[in-house]
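J.: Dock chain Z against chain R, hints included.
Just so you know, the protein sequences line up as chains R and Z, in that order. If you're matching positions, the first sequence starts at 109 in the working numbering and goes up one per residue. If you're matching positions, the second sequence starts at 305 in the working numbering and goes up one per residue.
Bear in mind the hints are in silico, worked out from the structure with no lab data behind them. Don't be surprised by glycine CBs; every beta carbon is placed ideally from N, CA and C. Be a bit skeptical, because a hint or two may be false.
[Unchecked claim] Derived CB-CB ranges, DEER-like:
#, chain 1, residue 1, chain 2, residue 2, range
1, R, Pro542, Z, Glu584, 45 to 51 Å
2, R, Asp529, Z, Leu598, 36 to 42 Å
3, R, Pro542, Z, Lys488, 42 to 48 Å
4, Z, Glu495, R, Asp296, 36 to 42 Å
5, Z, Pro390, R, Gln668, 56 to 62 Å
6, Z, Ala583, R, Glu471, 56 to 62 Å
[To be verified] For the chain R half of the interface with chain Z, some residues (derived, Cβ under 8 Å), not all of them:
#, residue
7, Asp888
8, Leu890
9, Glu924
10, Met928
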Amino acid sequence: MSPPVRLAALGLVLCFAEGNGPAGQGVPQSPAERVRALAGAGRLAEAERLAREGGPSLTVALGEVLLLRGNRAPAESALSLAVRNLLPRYRSGHAALAELAAGQGDRDLARVRAGALASAYDRSTGEGWTAEDQTAAGRAYVILGADDPEAVRAALRVFDAAIAADSTLLEPRIRLGNLFLDRYEAPDARETFERALERAPGDPRVRLGLARVLAFEERSEAFDAVRQSLAANPALVPAQVLLGKLHLDAESYDSAVAAGARALAVDSTALAAWALLGAAAWLRGDSASFRAAREGAYRKHPKPVEFPGAIAEWIARHRRYQEAVRLAEEAVALDPESPQALGVLGINELRTGVMDSGRAHLERAFARDPFHVWYKNTLDLLDQLARFRTITAGRFRIVAPPREAELLALYLGPLLEEAYDTLAARYEYRPPTPVRIELYDQHADFSVRTAGLTGLGALGVSFGTVLAMDAPSARDPGSFNWGSTAWHELAHTFTLGLSGHRVPRWLSEGLSVLEERRARPGWGDGPTVGFLAALKGDRLLPVGRLNEGFVRPRYPAEIQFSYYSASLICEMIEQQWGRPALVAMLRGYRDGLATPDVFRSVLGLDPAGLETRFSAWVRKRFAEPLGSLSPWDGKGPPQGELVDLIREGQTLLAAGRQEEARTQLERAAAIFPDHAGDDAPLLLLARLHADRGDPRAAAEALGRYTGIDESALEANRMEAELRERLGDLAGSRRALERMIWISPYDLANHERLAGIGERLGDHRLAVRERRAAIAAAPADLLEARYQLARTLALAGELAAARREVLAVLETAPGFEKAQMLLLDLARRRPEGRER
Amino acid sequence: MGLPTAPGVGVKRRLTVFAAVALSSPPVSAQAPATHVLIVSGLSGEPRFAAAFHDAAIAVCDAAKARWGVADSNLVYLSEDPARDPARIKGRTTRDAVAAAFARLARRTAPGDIVFALLLGHGSGQGSDSRLNLPGPDPSAADFDAWLGPLAGRTVVLVNAATASGDFVAALGGPGRVIVTATKSAFERNESVFAGHFARGLTSAAADADKDDRVTVLEAFQYARGEVARQYESRRLLQTEHAQLSDSALARTVAFGTAALPTDPRIAALLAERRVLEAELDALRRRKGTLDSLSYERELERLLLEIASRTAAIRAAQTGPKP
Numbered sequence: 109m110s111p112p113v114r115l116a117a118l119g120l121v122l123c124f125a126e127g128n129g130p131a132g133q134g135v136p137q138s139p140a141e142r143v144r145a146l147a148g149a150g151r152l153a154e155a156e157r158l159a160r161e162g163g164p165s166l167t168v169a170l171g172e173v174l175l176l177r178g179n180r181a182p183a184e185s186a187l188s189l190a191v192r193n194l195l196p197r198y199r200s201g202h203a204a205l206a207e208l209a210a211g212q213g214d215r216d217l218a219r220v221r222a223g224a225l226a227s228a229y230d231r232s233t234g235e236g237w238t239a240e241d242q243t244a245a246g247r248a249y250v251i252l253g254a255d256d257p258e259a260v261r262a263a264l265r266v267f268d269a270a271i272a273a274d275s276t277l278l279e280p281r282i283r284l285g286n287l288f289l290d291r292y293e294a295p296d297a298r299e300t301f302e303r304a305l306e307r308a309p310g311d312p313r314v315r316l317g318l319a320r321v322l323a324f325e326e327r328s329e330a331f332d333a334v335r336q337s338l339a340a341n342p343a344l345v346p347a348q349v350l351l352g353k354l355h356l357d358a359e360s361y362d363s364a365v366a367a368g369a370r371a372l373a374v375d376s377t378a379l380a381a382w383a384l385l386g387a388a389a390w391l392r393g394d395s396a397s398f399r400a401a402r403e404g405a406y407r408k409h410p411k412p413v414e415f416p417g418a419i420a421e422w423i424a425r426h427r428r429y430q431e432a433v434r435l436a437e438e439a440v441a442l443d444p445e446s447p448q449a450l451g452v453l454g455i456n457e458l459r460t461g462v463m464d465s466g467r468a469h470l471e472r473a474f475a476r477d478p479f480h481v482w483y484k485n486t487l488d489l490l491d492q493l494a495r496f497r498t499i500t501a502g503r504f505r506i507v508a509p510p511r512e513a514e515l516l517a518l519y520l521g522p523l524l525e526e527a528y529d530t531l532a533a534r535y536e537y538r539p540p541t542p543v544r545i546e547l548y549d550q551h552a553d554f555s556v557r558t559a560g561l562t563g564l565g566a567l568g569v570s571f572g573t574v575l576a577m578d579a580p581s582a583r584d585p586g587s588f589n590w591g592s593t594a595w596h597e598l599a600h601t602f603t604l605g606l607s608g609h610r611v612p613r614w615l616s617e618g619l620s621v622l623e624e625r626r627a628r629p630g631w632g633d634g635p636t637v638g639f640l641a642a643l644k645g646d647r648l649l650p651v652g653r654l655n656e657g658f659v660r661p662r663y664p665a666e667i668q669f670s671y672y673s674a675s676l677i678c679e680m681i682e683q684q685w686g687r688p689a690l691v692a693m694l695r696g697y698r699d700g701l702a703t704p705d706v707f708r709s710v711l712g713l714d715p716a717g718l719e720t721r722f723s724a725w726v727r728k729r730f731a732e733p734l735g736s737l738s739p740w741d742g743k744g745p746p747q748g749e750l751v752d753l754i755r756e757g758q759t760l761l762a763a764g765r766q767e768e769a770r771t772q773l774e775r776a777a778a779i780f781p782d783h784a785g786d787d788a789p790l791l792l793l794a795r796l797h798a799d800r801g802d803p804r805a806a807a808e809a810l811g812r813y814t815g816i817d818e819s820a821l822e823a824n825r826m827e828a829e830l831r832e833r834l835g836d837l838a839g840s841r842r843a844l845e846r847m848i849w850i851s852p853y854d855l856a857n858h859e860r861l862a863g864i865g866e867r868l869g870d871h872r873l874a875v876r877e878r879r880a881a882i883a884a885a886p887a888d889l890l891e892a893r894y895q896l897a898r899t900l901a902l903a904g905e906l907a908a909a910r911r912e913v914l915a916v917l918e919t920a921p922g923f924e925k926a927q928m929l930l931l932d933l934a935r936r937r938p939e940g941r942e943r
Numbered sequence: 305m306g307l308p309t310a311p312g313v314g315v316k317r318r319l320t321v322f323a324a325v326a327l328s329s330p331p332v333s334a335q336a337p338a339t340h341v342l343i344v345s346g347l348s349g350e351p352r353f354a355a356a357f358h359d360a361a362i363a364v365c366d367a368a369k370a371r372w373g374v375a376d377s378n379l380v381y382l383s384e385d386p387a388r389d390p391a392r393i394k395g396r397t398t399r400d401a402v403a404a405a406f407a408r409l410a411r412r413t414a415p416g417d418i419v420f421a422l423l424l425g426h427g428s429g430q431g432s433d434s435r436l437n438l439p440g441p442d443p444s445a446a447d448f449d450a451w452l453g454p455l456a457g458r459t460v461v462l463v464n465a466a467t468a469s470g471d472f473v474a475a476l477g478g479p480g481r482v483i484v485t486a487t488k489s490a491f492e493r494n495e496s497v498f499a500g501h502f503a504r505g506l507t508s509a510a511a512d513a514d515k516d517d518r519v520t521v522l523e524a525f526q527y528a529r530g531e532v533a534r535q536y537e538s539r540r541l542l543q544t545e546h547a548q549l550s551d552s553a554l555a556r557t558v559a560f561g562t563a564a565l566p567t568d569p570r571i572a573a574l575l576a577e578r579r580v581l582e583a584e585l586d587a588l589r590r591r592k593g594t595l596d597s598l599s600y601e602r603e604l605e606r607l608l609l610e611i612a613s614r615t616a617a618i619r620a621a622q623t624g625p626k627p
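So that you can see chain R by itself, here it is in the shape it has in the complex (with noise of 0.2 Å):
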């Protein structure tokens, strides 16, 4: 989730008079109206030529387009001469000396400006003030809000009368739709430019309002709304800014630069063009250009806190998080009352576990921006988070729900520590302990965690040594791992850390899914028939544009052609040039190196080199499914004889001619044997083969089928009941242990596995799983706890034992199984020892 680009909202966005009609559309007749057409095209030069020759008329406007290009001292001399004389649009005058106040970083000049302009349309009580005057009081309100949220309440109910007085109006639109956005109100933003575009197709600032909400939305027209924004106004400086920052969002930072450099061209003073360079620079680690941005910056700015602060807003979305703080804090150093700098600060510090610096800051922030959607919901996750247990497992730190805390941490304490050994020995790297993870039993919260708000699709997430993930509890039981997902995003606190922070989204991804499957079998990301589809048909994004799918996807299914296209990448530098590889790119990268400076040191190679390798590497790999498969055109579910394979089969199944779907089926598995889903050729042959009494075949098939599918709960559970009727303890044992992994709750499951555990002589497993059928809270809880208290006594562990039974006879002293269970303990206490 992506959080909007706030200082576009603010003064810098210059509106100008309008008329009947957007900007740069019809004939204009009036010396004003042509100056807003050229303005509104980006032909400033001319439209301040224009606007001199206009005499004090149009002084306004000559301001305004001043300060479009950045000429702000004698912008100000025309907007002061203007108001002083009350002169044509004076008001929208005085608004813009407030922003323009506000935008230098003097809050006390833009509270003045901005409180006389809101006082005399207070006193008036809108009386004689035209539409463009209100949206001038409304932008006023807007500058106020920063310290009062009245004024924000007060900004929309003023914008609002604007639209009224003048529906044809675009600015109270505009500057609505920035404000629902900036509050991250995004749906209210949306349907408000939407409102606009309607009224005025071709307005580059309407355009751009909407290409703000695409990006806030992740989603990847963003690029195409901020490129109609500029063809139609090339000089529109926010429009460059954010084009810049999604090109700094998919890691392309040598276009997000040159963004940059063409809206200083048209406006030196753009603070969020300089932010922008500045971003880039220190994300490339590029000392010297952030230091020329910074100087670029404070040169133009007294107090430039909109400098650090977007820096640190945007490095953050690139998982820089500890820099984030630092520079989050220069800029509240800078201005300790912005409620942006405050944001950004507490954000980053919970994201690395700083928690109660991080509430304080926030809680600030929230105070003076009460509206702010993500700081409020991250607030009512604190207080949520509160309540939450913590417990302490060697390295880590597992925060969950009080009620199923210690289920989940009787699993993931082993799984973890496991997980930070192994991956320690495959990178050669240690992250600082301890590492803590968050596990939520609501996805709305996890989501909050991560991005603010709800509605996030992802399962978890790491910020380096803090983790945050869905409990498995958020979701169905059978829809994810939790086991996988924890120890992919553990991956990731190893990646980033020996990194610096600075390995590209992709390759992050790709190595915590490879590690995914190397930690167990069935676990993590694998190929499907639509990745072959779109494989295929070319419609895969190359290694060095990999990023894109993961911030800004063409199609929905693209996300996780990506998690899986990065994984493969990773699999085969590591089989062609060994792990070291992958850990020297790494480094390459915590040393500064580019992308191509990473290839061509580690590997030999460039992108282009590594695209072709990998390319012939990949389609070789799947080779025998690719020949089955049709090339996806982007449209509609694949198609070819692997897909008629597995339809026919199907048919025939549901017809009850199982001999020739045995047939159909075995060949579709045999030719693509990892397909998992519902219509699964192993699946369906498990169910066949045990609808014709044959388990030992069903047993056979599932095996297959549940080490390529993790989430394959209810096939994991046929299996375990098969081969535990075939004898196959060690087998169904597996399975039920896999089925921990995909959901932990099922009391019934914790209670055979420990059966089992005892059958097979296995007491550390019968033990854990009595120990997980109390975490699991049963109804029958002393004759759980008796069961816990037997095995004990089975592997030899006495005196937990007794301390076991005697705890349930304080409570049930009747309870006649435990009272014998207390007299076997007592004859088999050793002469003389007391306990």
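T.: Coordinates of chain Z only, in the frame set by chain R:
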């Protein structure tokens, strides 16, 4: 089998005393108060509800016969579809049939007996006009109140496991009655899962919280309430039913199933010894806060071992040669 001979109802304390002997089949005392069971299964509306109601009903029917010692003549199961299970279902559920069943109970029961009535189905209305939906006219809470009137002196446990049953508690609650409803008000009208869990609680050991081999009405209620919550939670649904119970003090004392008075003097003596030890244990637990943990634990273990040894001796006496 019935409850031990004593005035009033089968009280938990006495039941605990005889719990161990009930494990085998020692001689039974005479004149135990009888338990009577009436199951009323109303209109189902859908096959799946019909199946769920029947499952709950037969669980109680079978437990009543096999484990609670309820005589066939004291067990009545009425259903909308008697053909579903002619061996168990005694007639079609209509308002008149239910009225007749209660009138029969009034005639056949004596003071001190326990009457257990289980209502299954869907409800409607509110207050004293809350109704159970049956084929034909629906009886109201006021009707049930009138039918229960002649049962004064008996211990009545009426469980209305139907939807929208909540107002039955206020309408029927009173001395000698435990009223359980699946919902907290007449406005909780969504499908209810309480009946199945309550039946399971009443008929299995899982609800036996103190492991004394008796499931009281309160234990069954608490078990069912917990399982209902768990079911909603596991399905990630907002819980739309909240069971309630009218008299937890009385509910704590009522259990189904019987304990028998021992006739073997050895067993009687062992039981007496164990009662003394249990009293000592009670006293020890009350003093827990005043003792250091080591002393408490040592004494706890000593007493529990003594109690356990008596239980083992009772077991041995039951299975060994008679004196």
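J.: Among all the numbered hints in the text so far, which are the ones the structure does not match?
T.: Nothing - there is no hint that the structure violates, so all of them hold.
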